[in-house]
Amino acid sequence: MSTHAEAVDHVEGATTKAFITVWFALLFMTGVEVVLAYLQPPVLVFLTALVGLSVVKAALIIAYFMHLRFEKLSLFLTLFPMLILCIILMLLMFMPDSNRLMMMRPR
Amino acid sequence: MTSVWSGGRSPYAVNSKKFGMWLFIISDALTFSALLMAYTYVRLATPNWPTPFHFFPSIIFSTVMTFCLLSSSLTMVMGVHAMNHGRRKAAVGWILATMGGGAAFVVLHLTEWLNLIRNEHVTPFSNEWGVPLFGGTFFALTGLHMTHVIIGLIYLGIIAFAVGRGKFKAEDVEVSGLYWHFVDLVWMFIFPLVYLMSAKI
Chain B
142 MSTHAEAVDH
152 VEGATTKAFI
162 TVWFALLFMT
172 GVEVVLAYLQ
182 PPVLVFLTAL
192 VGLSVVKAAL
202 IIAYFMHLRF
212 EKLSLFLTLF
222 PMLILCIILM
232 LLMFMPDSNR
242 LMMMRPR
Chain R
138 MTSVWSGGRS
148 PYAVNSKKFG
158 MWLFIISDAL
168 TFSALLMAYT
178 YVRLATPNWP
188 TPFHFFPSII
198 FSTVMTFCLL
208 SSSLTMVMGV
218 HAMNHGRRKA
228 AVGWILATMG
238 GGAAFVVLHL
248 TEWLNLIRNE
258 HVTPFSNEWG
268 VPLFGGTFFA
278 LTGLHMTHVI
288 IGLIYLGIIA
298 FAVGRGKFKA
308 EDVEVSGLYW
318 HFVDLVWMFI
328 FPLVYLMSAK
338 I
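Order-wise, the sequence lines are chains B and R. Here the working numbering = 1-based position in the first sequence + 141. Here the working numbering = 1-based position in the second sequence + 137.
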């Protein structure tokens, strides 16, 4: 504990510079998404790029802004594999029907 | 021999408030995941899904909203940082700046909603394209997110008021920050999947 009564342990890496760098990276990726929307690439390419960028942005927010990178690994292992598993289970329920809809809907 | 669980007293080395907020965030993330999947499913199931978001003003508008929310996340993390270093006044300033970003987001979002309702005649139950599910899913998803932002503004207001009066600890500010960043994180999925995928050039 620091000498100041209210201060908590300082974490290596959790610096103002790191936060601003992450903010710029998030803005840059948002800019790329908007440019892609303007260029209107094929739907599959567009959707893959958007979801990919969103996952990277979410990971940056969780790691740096939400400080998970600076927490114990046990906290991450308790929360996130379960979240990802639940999302995969939900996807498994939607996937077969979604695929059928894409293949069989009237064009 | 030291255990990886640090004696089993604090396996996560976080306080109970922070752990509780993390559990809430995970469960809320599943709620939004289900809603986004439902939105995508309904969209796939509808051949003539409308794309009402003109690049100008709708996409530019929602991009500015994203900028407000992302910047408010930066000011929030600076607030937590200031509080961790015992600088209460600075922390209050940063939290108020965060609330400013959040309030700007809500105002812009409501303007965008009114534009859709008045000019495009979209309501949660009907629209001119004959695809009522568009309005239903759009307003449900963005409405639930906006509710989270408004609750966040109230939450941050209470935290800022108390911190300004010398109450609450750094961990309380950090826990409120976790909630705020989560609201920002959810928007990182709603913005591309709902707005950008329905852009009209």
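Source of the hints: derived by calculation from the structure; they are not laboratory data. Any given hint could be a false lead.
Derived pair list, reagent style DSS-like, types lysine-lysine, alpha-carbon separation capped at 27 angstroms [unchecked claim]: (1) R/Lys306 <-> B/Lys213; (2) B/Lys213 <-> R/Lys155; (3) B/Lys158 <-> R/Lys226.
Evaluation of the provided hints:
no.	hint	verdict
1	R/Lys306 <-> B/Lys213	holds, 21 angstroms
2	B/Lys213 <-> R/Lys155	holds, 13 angstroms
3	B/Lys158 <-> R/Lys226	holds, 21 angstroms
When each numbered hint is compared with the structure, no violation occurs for any of them.
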